[in-house]
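If you read the sequences in order, they're chains A and B. In terms of the numbering used here, the first sequence is residues 1 to 272. In terms of the numbering used here, the second sequence is residues 1001 to 1377.
Calculated directly from the structure, the hints in this document are not laboratory data. Heads up, a few of these hints could be off.
To be verified - Taking lysine-lysine pairs in the DSSO-like style, the calculated list, with each CA pair at most 30 Å apart, reads: (1) A:Lys-253 <-> A:Lys-160; (2) B:Lys-1179 <-> B:Lys-1046; (3) B:Lys-1352 <-> B:Lys-1249; (4) A:Lys-210 <-> A:Lys-224; (5) A:Lys-43 <-> B:Lys-1317; (6) B:Lys-1117 <-> B:Lys-1194; (7) A:Lys-234 <-> A:Lys-244; (8) A:Lys-43 <-> B:Lys-1202; (9) A:Lys-41 <-> B:Lys-1194; (10) A:Lys-234 <-> A:Lys-43; (11) B:Lys-1251 <-> B:Lys-1046; (12) A:Lys-244 <-> A:Lys-190; (13) B:Lys-1046 <-> A:Lys-192; (14) A:Lys-40 <-> B:Lys-1202; (15) A:Lys-41 <-> B:Lys-1202; (16) B:Lys-1117 <-> B:Lys-1365; (17) A:Lys-160 <-> A:Lys-190; (18) A:Lys-183 <-> A:Lys-224; (19) B:Lys-1327 <-> B:Lys-1249; (20) B:Lys-1249 <-> A:Lys-43; (21) B:Lys-1302 <-> B:Lys-1249.
Since we're looking at a predicted model, the values are computed, not measured.
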Amino acid sequence: MPSQEVFSWLRTRFFPHIWCPGCGHGIIMHAMLRALVALKKDKSQTVIASGIGCSSRMAGYIDACTMHTTHGRSLAFATGIKLAKPELTVIDVMGDGDCTAIGGNHFIHACRRNIDITAIVMNNNIYGMTGGQASPTTPAGSLATTTPFGAIDPSFDICKLAEGAGASYVARSTVANPIQAEKFILNGIKKKGFSVVEILTHCHTTFGRKNNRRTPIDNINFFKNNSVPLARAKDMSEEELAGKIVTGEFVNKDIPEYTDQYLALIENVRGK
Amino acid sequence: MSGVAFWQGNEAIAYGSLAAGCRFFGGYPITPSSEIAEIMAEELPKLNGRFIQMEDEIGGIAATIGGSVAGMQALTATSGPGFSLKQENLGLAYMAEIPIVVVDVMRGGPSTGLPTKTAQQDVMQARWGTHGDHGTICYAPASVQECYDIAIKAFNAAERYRQPVLIMSDEIIGHMREKVVTPKIDPSKLVNRKRPTDVPEKFVPYRPDPQDDLPCMASFGDGYRWHITGLTHNDWGFPTNNNDEIEKKMKRLMSKIDRFRDDIVEYETFYEDDAEVLVLAYGSVARSSLRAVNDARVRGFKAGFFRPVTLWPFPDKELEKLARKVKTIIVPELNCGQMVLEVERAVRGRAKVVPLNLVNGELFKPEEILAVIEEVA
Ligand SMILES: Cc1ncc(C[n+]2csc(CCOP(=O)(O)OP(=O)(O)O)c2C)c(N)n1
Ligand code: SF4
Ligand SMILES: [Mg+2]
């Protein structure tokens, strides 16, 4: 059960939520709210932006300044909000399709700018909302409604993508380890810069049904049995790591942040 | 600051926007609109405003909407291909009732078309470009002075009616230079969005004010917590599938324009009293049209001139009245016949409507329009 403090962050007036019973997205919402409570964030100074998908519906359930935008574009909206009011805490929750397919361009540019937004990518390896079509993170060989003979294209590694594009904090966890997920989200929010927290989650309803992980428990067990902490992964070969989920903090660095730089530019220009 | 300047249309839109209180610009470069972005990049930091060049036009309008949600008056400017890319998020601004101003400095299309040549081929896109029903406020400036004045009006209308407002300029208006008088701005004439008067606990974000049927708007960060979504929503801003709530929202989106139509509509006429042949034109084409009408007058033809300043709402009632008196209405446009459809709708067969279309990247010469006046007179 969520604590009273966590509960106070929910808009229970908007319940019931749309998620299927047992969907992993709720575990991530809970982890995020615990992190916000631990950080003593002010709800009125916290923005939760989201795109479109089951995952993105999360924004509506949270009693903060929330903006459910268009599919894939939430980071661009969040960028405008953050630039206008850098004092706000801005979190962007999105699905794997949202983030890496239609929103891939906004994602890499948000990383590059290193704008102080925390992107929480709820990666269930599928388009849940639209009924289980393949996404750019659907593992090769898996079945989806648009890959009835198995996906033939390789999938994205979201964390590597974020690291390559310049994010200042990059981490991965799974819904089987909600305490770790909470810690990474908390560290991501604390980091002054663009943070990417990828959390592997499950859509048992669409992905699970076709890929032998029909129940939420099957999925949690899958994540437990296949997660490898970064420290251990470092000593493993590529073959040993095939099909595994490497979890941990991949990037945690202090580099100039975009809105800081813009405010300094304003000061410079106006000082002249 | 009042003064006199010698500006391009694009410069006038940028400086007019700043005078109106615009403090945020998100965009992506494209000819022939880029000067607007360049000026905003230079001027906004001086005013503690914000400029951001986004990764594409989709991001440009998204950031612009975000800036407005955080409380800044916000602008984006583009041209044809970029206007196409902005359409989905433009719809979000209509649905979520977020005030922004969008400029399209029109060039030839379709596709990449004619980046450096003029056209008026996007005007129907301004009305119907984004999917779904919505009311449209759209201005078409015909001079550099008007670019400045309309930028201010557009921001006022966006703030007043809580929705996107479009300025459809074109390559000729955008790039030609003219004298502009910039009057001292009276701050009381500038409209700012109505702020909530309720305490945050009682705030219902989309509950319309019974006075004008428009909801007031809080900004993120000013103490109010609310939900914004592109899904059809109820007064709480929360997605709904309830038939009555859906209908109420949609009707209000449409009616806010119908209700204030007379306040928004603007047009200009010359020689309408005794005109037998009316030339109806907007934007750059209005200039050669007015010249043609003046020349026709000198030659003894009873020609008149009608220029919609707002393309939407279209001055249909006003035109219909005139159509009872004139025989023929000539509609020259730099497209294959778009606003002429609105003219026909307004005129309802009361006068003969003659389209005159040019799509070779050039502007009409006055004598080309004069020839048609003489032909139909
Ligand atoms: C422009 C656009 N294209 C397509 C869609 C349809 N659509 C809605 S959600 C979605 C995919 C969602 O997948 P993901 O982002 O992974 O979120 P999930 O539902 O799995 O949490 C798609 C394709 C849309 N809403 N907008
Ligand atoms: S369809 Fe999948 S992602 Fe969507 S709510 Fe159900 S389980 Fe979750
Ligand atoms: Mg997904």
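Violated hints, by number in ascending order, as checked against the structure: Of the numbered hints given earlier, those the structure breaks are 3, 5, 6, 10, 11, 19 and 21, listed in rising order.
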